[in-house]
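Residues per chain are reported as follows:
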Amino acid sequence: MRTIREFEERLHVEFLSGSVPGFLHLYSGQEAIAVGICEQLDDDRDYIGSTHRGHGHCIAKGVDVKAMMKEIYCKKNGVCGGKGGSMHIADLDKGMLGANAIVGGAPPLALGAALSAKLLKTGGVAVPFIGDGAANQGTVAESMNMAAVLKLPMVFMFENNGYAEFTAASYATAGSIEARAKAYNIPAVTVDGADFFAVHEAAREAIERARNGGGPSAIEAKAYRFWGHFAGDPQRYRAPGETKELRENHDCLKHFSERVTQAALLDQAEMNAIDVEVMQLIEDAVAEAKADPQPDPESLYKDVYVSYN
Amino acid sequence: MPIKTYREAINEALRQEMEANDRVIIIGEDVAGGAGGSAGGAEAAGGVMGITAGLATKFGRDRVIDTPITESAIIGMAAGAALTGMRPVAELMFADFIGVCLDQIYNQAAKFRYMFGGKARTPLVVRTMIGAGMGAGPQHSQAIYPMLTMIPGLKVIVPSNAYDAKGLLIQAIRDDDPVIFCEHKSLLGDSCEVPDEPYAIPFGQAAITRKGSDLTLVGISRMVKFCNEVADRLKQDGISIEVIDIRTTSPLDSNTILESVRKTGRLVVVDEANPMCSVASEISSIVASEAFDHLDAPIKKVTAPHTPVPASPTLEALYLPTPDKIEVVIRDLLER
Chain V
1 MRTIREFEER LHVEFLSGSV PGFLHLYSGQ EAIAVGICEQ LDDDRDYIGS
51 THRGHGHCIA KGVDVKAMMK EIYCKKNGVC GGKGGSMHIA DLDKGMLGAN
101 AIVGGAPPLA LGAALSAKLL KTGGVAVPFI GDGAANQGTV AESMNMAAVL
151 KLPMVFMFEN NGYAEFTAAS YATAGSIEAR AKAYNIPAVT VDGADFFAVH
201 EAAREAIERA RNGGGPSAIE AKAYRFWGHF AGDPQRYRAP GETKELRENH
251 DCLKHFSERV TQAALLDQAE MNAIDVEVMQ LIEDAVAEAK ADPQPDPESL
301 YKDVYVSYN
Chain S
1 MPIKTYREAI NEALRQEMEA NDRVIIIGED VAGGAGGSAG GAEAAGGVMG
51 ITAGLATKFG RDRVIDTPIT ESAIIGMAAG AALTGMRPVA ELMFADFIGV
101 CLDQIYNQAA KFRYMFGGKA RTPLVVRTMI GAGMGAGPQH SQAIYPMLTM
151 IPGLKVIVPS NAYDAKGLLI QAIRDDDPVI FCEHKSLLGD SCEVPDEPYA
201 IPFGQAAITR KGSDLTLVGI SRMVKFCNEV ADRLKQDGIS IEVIDIRTTS
251 PLDSNTILES VRKTGRLVVV DEANPMCSVA SEISSIVASE AFDHLDAPIK
301 KVTAPHTPVP ASPTLEALYL PTPDKIEVVI RDLLER
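From first to last, the protein sequence lines stand for chains V and S. Under the working numbering, think of the first position of the first sequence as 1, with each following residue one higher. Under the working numbering, think of the first position of the second sequence as 1, with each following residue one higher.
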């Protein structure tokens with residue numbers, strides 16, 4: 001969670017300084033959701049499908065942070081060779097089917113990963129992350145129906161951060177997402193996405209159900225988007241002070257820190273040591289990404305097909 | 001050699017590849033048919049045209065999967081399964097429905113390998129049905145392969161006969177890239193000699209179906225049949241037409257076309273698709289750029305008009321290129 005936070009906050013600074021190409025959609029505030037579920041998934045048999053706001057999902061699923069940073073800088077040694085960029089980071093070896101720049105693009109692909117797991121009997125689970133905006137896409141409805149019909153091992157992880165781009169979920173999303181899942185006979189719960197332990201517990205049950213042949217589940221996590229839709233978004237659609245309030249009262253990192261120190265699972269010194277380690281990792285990742293060479297010009301033509309002449 | 005229909009050849013290719021590799025699965029609407037029905041789930045259809053008939057009974061419903069009518073979920077599921085170890089053959093009942101699921105084809109499957117830095121394989125086949133000729137109307141009759149041909153990352157196959165349909169489909173299933181396999185609904189009952197054993201026809205190799213020296217006639221899918229007919233007809237008048245069946249629009253075998261045009265000096269391209277930004281216009285452009293010095297006459301296209309496909313059989317017949325229309329264009333060109 002700390003790695004994701006630092007990754008995003010640092011990227012925001014770098015982006016505003018003009019050193020990062022393309023668009024950047026920051027995940028700050030939602031870390032407990034990605035980590036709460038991915039921490040319970042295996043690299044080699046479990047898959048996630050992500051969104052345009054995908055950095056947190058990638059890190060939580062174990063994609064190399066330095067290779068990710070290089071990819072966001074579109075450099076040669078990026079995890080996708082600089083051809084994906086921020087919105088298309090994928091690492092199949094880590095079960096990461098790709099961030100997805102198309103809203104609602106990932107759930108149908110996750111169906112396929114779940115189908116493979118079912119047919120190959122790997123015991124694997126597929127988790128598509130779906131924003132409240134994507135929840136209104138037809139692909140999500142199709143995917144929930146298909147998953148229920150074929151009883152696929154899936155967990156639909158909805159992240160309702162209150163805004164689809166610049167438009168509020170309260171305006172654009174009718175009814176409740178949890179109720180939509182239930183309409184497909186998919187067990188669904190709503191949890192506080194700033195509470196790592198709540199997400200973790202709901203995810204544990206859902207993953208267990210999927211592994212045991214119980215079919216798909218859905219979790220709606222109420223999420224808190226600290227930044228705008230993209231880095232640089234002036235957020236004129238939000239009331240003054242809204243993000244400040246979220247950072248003060250709905251910060252999953254603060255919540256986590258309070259819980260583990262109160263329960264004496266970790267002390268403050270140990271927490272601080274993690275922070276120092278993370279800061280160094282991100283510092284190194286940015287420096288290495290800036291120093292990494294541009295992609296070779298001939299790579300433009302490579303990998304259109306498995307064998308491209 | 002045994003005679004088989006186009007439909008039987010496709011069924012046989014699917015059956016043989018499913019026998020050879022248990023990771024080959026079929027996904028689509030009614031590909032078995034009858035799931036959950038009051039007859040107790042017996043295989044009832046094998047697709048709307050019966051092309052996959054018998055496969056569910058032989059391989060079971062885990063491998064021949066009837067889906068809800070949800071094209072995005074079908075194609076996306078197949079693409080995701082291809083990315084994670086299976087070799088799915090998804091059926092998109094009619095190519096006209098591609099608008100419903102195009103994102104999963106062109107933004108997802110076609111780009112995985114490239115945008116993931118070369119680390120993905122997507123052995124996905126989408127079988128779909130193209131073409132007019134059955135009075136099926138504007139939303140069930142289009143030949144939309146040009147739209148798919150322009151997308152990098154997709155291979156597009158347009159078999160014109162049963163022999164090619166079997167060999168090209170086997171190649172498609174064994175191929176590690178996404179392949180769109182366009183079956184022409186008006187060819188399903190056509191038959192020719194088809195070997196019993198499995199065989200693969202490589203992509204990007206056009207076939208010369210008639211040798212000739214006066215004019216090159218390039219056909220796509222069902223239009224090859226019309227081209228052959230015209231060539232046979234003109235032969236009786238001593239006119240020697242070379243007919244090329246391009247077999248795959250991507251990759252496109254431009255060498256065979258260029259070689260032929262350099263020999264004959266004349267080119268007519270026959271395409272059932274609408275004419276703008278089409279495979280016919282691409283072939284014309286290639287020949288104009290690469291073999292202009294060898295041309296004795298302008299390049300001509302015989303295509304459908306720039307209209308949707310009408311349902312009226314009378315209008316549909318006017319819409320389609322026909323052997324007569326092709327012959328008129330050829331005779332005109334030969335007089336120049």
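Treat the hints as calculated values from the structure; they're not laboratory data. Just to be clear, a hint being listed does not mean it is correct.
Covered by chain V, according to a simulated footprint, are these stretches of chain S (three or more residues, beta-carbon under 8 Å) [stated by the list, open to error]:
#: 1; segment: 45-55
#: 2; segment: 97-108
#: 3; segment: 148-158
#: 4; segment: 283-292
Quick reminder that beta carbons are idealized off the backbone N, C-alpha and C, glycines included.
Cross-check of the supplied hints:
Here the segment 45-55 of chain S counts 0 residues with a CB under 8 Å from a CB of chain V, which misses the bar of 3, and the coverage is violated. Taking a C-beta to C-beta cut-off of 8 Å, the segment 97-108 of chain S contributes 4 residues in contact with chain V, enough for the three needed, and the coverage statement holds. Interface restraint, the segment 148-158 of chain S with chain V: holds (3 residues with C-beta to C-beta distance below 8 Å; minimum three). A stretch counts as covered by a chain when three or more of its residues have a beta carbon under 8 Å from one of that chain; for the segment 283-292 of chain S and chain V the count is 0, and the coverage is violated.
Of the numbered hints listed earlier, those contradicted by the structure are 1, 4.
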